[in-house]
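Starting from the known structure of chain L, fit chains H and P onto it as the hints suggest.
If you read the protein sequences in the order shown, they are chains L, H and P. Oh and the first sequence: position 97 is 97 in the numbering used here, straight run, nothing missing. Oh and the second sequence: position 223 is 223 in the numbering used here, straight run, nothing missing. Oh and the third sequence: position 94 is 94 in the numbering used here, straight run, nothing missing.
Source of the hints: derived by calculation from the structure; they are not laboratory data. Every clue listed holds true.
Derived EDC-like pairs: lysine to aspartate or glutamate, alpha-carbon spacing no greater than 16 Å straight-line:
| no. | chain 1 | residue 1 | chain 2 | residue 2 |
| --- | --- | --- | --- | --- |
| 1 | H | 195 | P | 124 |
| 2 | H | 193 | P | 118 |
| 3 | P | 195 | P | 128 |
| 4 | P | 165 | P | 83 |
| 5 | L | 85 | L | 177 |
| 6 | P | 196 | P | 214 |
| 7 | H | 195 | P | 118 |
| 8 | P | 165 | P | 34 |
| 9 | P | 190 | P | 214 |
| 10 | P | 16 | P | 68 |
| 11 | P | 80 | H | 208 |
| 12 | P | 77 | P | 65 |
| 13 | P | 74 | P | 34 |
| 14 | P | 16 | P | 30 |
| 15 | H | 193 | P | 124 |
| 16 | H | 219 | P | 83 |
| 17 | H | 190 | P | 118 |
| 18 | P | 11 | P | 34 |
| 19 | P | 11 | P | 39 |
| 20 | H | 195 | P | 123 |
| 21 | P | 165 | P | 193 |
| 22 | H | 193 | P | 123 |
| 23 | P | 190 | P | 39 |
Far from chain P, some chain H residues (derived; all Cβ distances over 10 Å):
| no. | residue |
| --- | --- |
| 24 | 32 |
| 25 | 140 |
| 26 | 150 |
| 27 | 167 |
| 28 | 170 |
| 29 | 317 |
| 30 | 321 |
Don't be surprised by glycine CBs; every beta carbon is placed ideally from N, CA and C.
Residues per chain are reported as follows:
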Amino acid sequence: MEAIINGVLMGGVYGLTALGLSLIFGVMKVINFAHGSHLMIMMYVEYCLIKSIGIDPYLSLLIVLPIAYTIGYFTQAILINPILKAEKDVREPLGVLLLTAGLWIFLNNFFLMLFGANFKSADTIYSNTVLKINKMMISKPLLYAFLASLITTYLLNWLLRKTKLGKAIRATGQDREAASLMGINVYKIYNIAFGIGIAALGVAGTILIPLFYVHPFVGDVFDMRAFVIVVLGGLGSIPGALLGGLLVGVIESLAGHFLNMTWAAAVIYMIFLLALFIKPSGMFGFEKEW
Amino acid sequence: MKDNSRGDINLVDPNYYLPLIALLILFCIPLVIKSVSWMQIMVLILWYACLTLSWNFVGGFAGVLPMGHAAYAGVGAYVSTLLFINYGLTPWVGMLIGGVISVLVALLIGVPTFKLHGAYYALASIAFVELLRMVTENTNKIFGIKINGARGLLIPLKGHSPFLFQFGEKIYYYYVILAMMLLIFFISYKIQKSKLGYYLVAGGEEQEAAESLGINVTKYKLIALSISAFFMAILGTFYAQLVLFIYPQGIMSLSLSFEIAFMAIIGGRGTLMGPILGAFTLVPLAELSRMYLSGSRFLGIHLMLYSSIIILVMLYMPKGLIGAFEKIYFFFTNKLFKKS
Amino acid sequence: MLKRGEKIDMKLLTIKNLSKRFGGLMAVDDFNLELKGGEIMGLIGPNGAGKTTIFNLLTGVYQPDLGEIVFMGKNIKNLKPYDICFQGIGRTFQIVKPFLNRTVLYNVMVGSFLWTNDIKKAEEEAIEVLKFIGLINKKDLLGKNLTIADRKRIEIARALATKPKLLLLDETMAGLNPTETEEAIVLVRKMQEEKKLTVLLIEHVMQVVMSLSERIAVLNHGRKIAEGTPQEVSCNENVIKAYLGEEYVTT
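In isolation and in its complexed conformation, chain L is listed as follows (with noise of 0.2 Å):
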């Protein structure tokens, strides 16, 4: 029982991680496979900013967003526009996804040299606390987190749904021909799009920082699981999102209860293969011809 709570809390947290790159894939139809390398670039920064300020993480959001969202304003605005506006006519843009792959493994790599292999962690006032209840310990931090997550992926959602900028958003997702028509700029918007995917991501940082070790490659685990969601969740679809990320921390929990731990990662990949050959769109993603 214990396990699946874990699961549920948790899979907010994947949850989270994977609506930035839902949303970019939604909008630009592009795979941002360095998604993991941002979120550890999030924790990073998030993770100097405490060791120099003090800040408490969910404070330090003020400065984290805005940080998070240019990063992603401009990686797509100066690296990914160029070649979706090369590719424009090519039914598959592989390039970007090669780029978005080798900006991964520079990314990492880069980080490994910054700051070494070393693991991190930074400790919070309520870092390692615990709320007991019945017989079941549950992490205060991965509950906090998990709220987090929540608020946010309803934010989201409701900016997506409600605002001006968010039926931009949607339009340019659907018909790139037709909102260019209606006098949107789909590059700006995409830059925006992406800028949003991150900022998500750092809201995911700062929340992790007390429940993770912060080294060069923990990005690749949130990586994998985040594609797994949206792929089972649907690209592009915020609900979906979230939705996906509690089956898979659910799902996960489970096998390492009665598993373990590295058996529990195989079975999503496993779930990930067979849904890919199933249904690619998801359970709730458009029909698209992708």
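Using the frame of chain L, we list chains H and P on its own:
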């Protein structure tokens, strides 16, 4: 390489003698270089060239992006090594068996994955190699045969025993891998100028149109994949016999898969010389950087190099270095040709 | 050589009760057609009438929900697209799909490889087709450097190289200027006469359909609303209603 439109062998034509000279140089290198570490680098360069050429069958000719291709090398390495350790079967034969098994695995994974579009296919291939690695790392014994999980397998040292695919000096390994590279190159060349080659290109560029012209695209992609997987397995065995130690993170890893893909693409995917060019330029770069920058912080320096170059290539030279290389090559051959 | 009025008296293609549903929409509804060998037949109808869907059903891209398709005496309903090509049906696409990064010759050779495994033979056959179509001077140009009109001609050339008996042309004349259109019309007639091809063409350019087709079938909302000679069809009440609206029907 440019086709000689004249059709007959003209020894004065630089298109013929330049490649021959290059070949001669390659043959003579071991006779000139005596340092063991440099020989090791040369062997690795050729090994990577073979890997990229094999990758190219699928990633270049067939137009898909396999990003987890090292899985097949891993299968080959493990099969031949296990057969050798447990049954004393010489790796020369074990290599071929590994190849066959690798092809079977490839078909198994190929049939469902070829239905997927570009990025999904890449994701699936990544998931597959990681899954394979994780399963191998967590398994100590399969059907009673010891696999040793993450600790890997040591190939028993037999000294200089050519029949057991072990050599005392690097020079033998060099010629073996050189022969393999020429073989794979030759097969690439033949395929490119054959029905298979044309059909793969067609299926890769416009699948619907290709099918309307009578091409069973999936069948041809599977053929390309099988050829590729077979050679990857053989190369896996070669590596096992070269370093005499294999472990999952080393041979069936995502980073090796990415290295191969990046090299082939930086060189020029889909071309004949592109992958070779990629290997010949990037491997020395990586080895040199490894020599001068050591320490745990720089473990990933070669990966940083490859990935930063691929980012640049994707932004500025999507067709790969081969484009620039060809211009220089034609410039020289035209000058030489005019002289003769 | 087949003269314009002469037909092989054989039913080449028989379509019976063909139906296809997409979700809630009946894209093709109980469609029937008979094509005789050697004739040119037009398939017209307002946008969204289901014409390209019929082509896709004929070529195995979609599976029909109901109905039969018999080609040269063989039931081809469930065959895959590449098998259908092998049976002798070729097609072009509404949005042309040339192999952009390859030469014209390469493009056509892909077609001619259907009947040979030898690269030299494939090249020879491809050159023959290019001469027939009139693209031989451009054989070394890359697909992406061709004009729209030439891209459409490569599509046809490629399909021709597979030696079809029935050619399905999907809006081949769209976007062509008057000269190019004339050339295309001449080409289609040439294919019928010299290659003994049967042609089924989807067209919106009325002048072309009327002058080329010996018979025309009209589709609206997935159903056939008229069939006959160009004369008969252009006077047909239902056809006028479908295209122009009730007001234009004169009794």
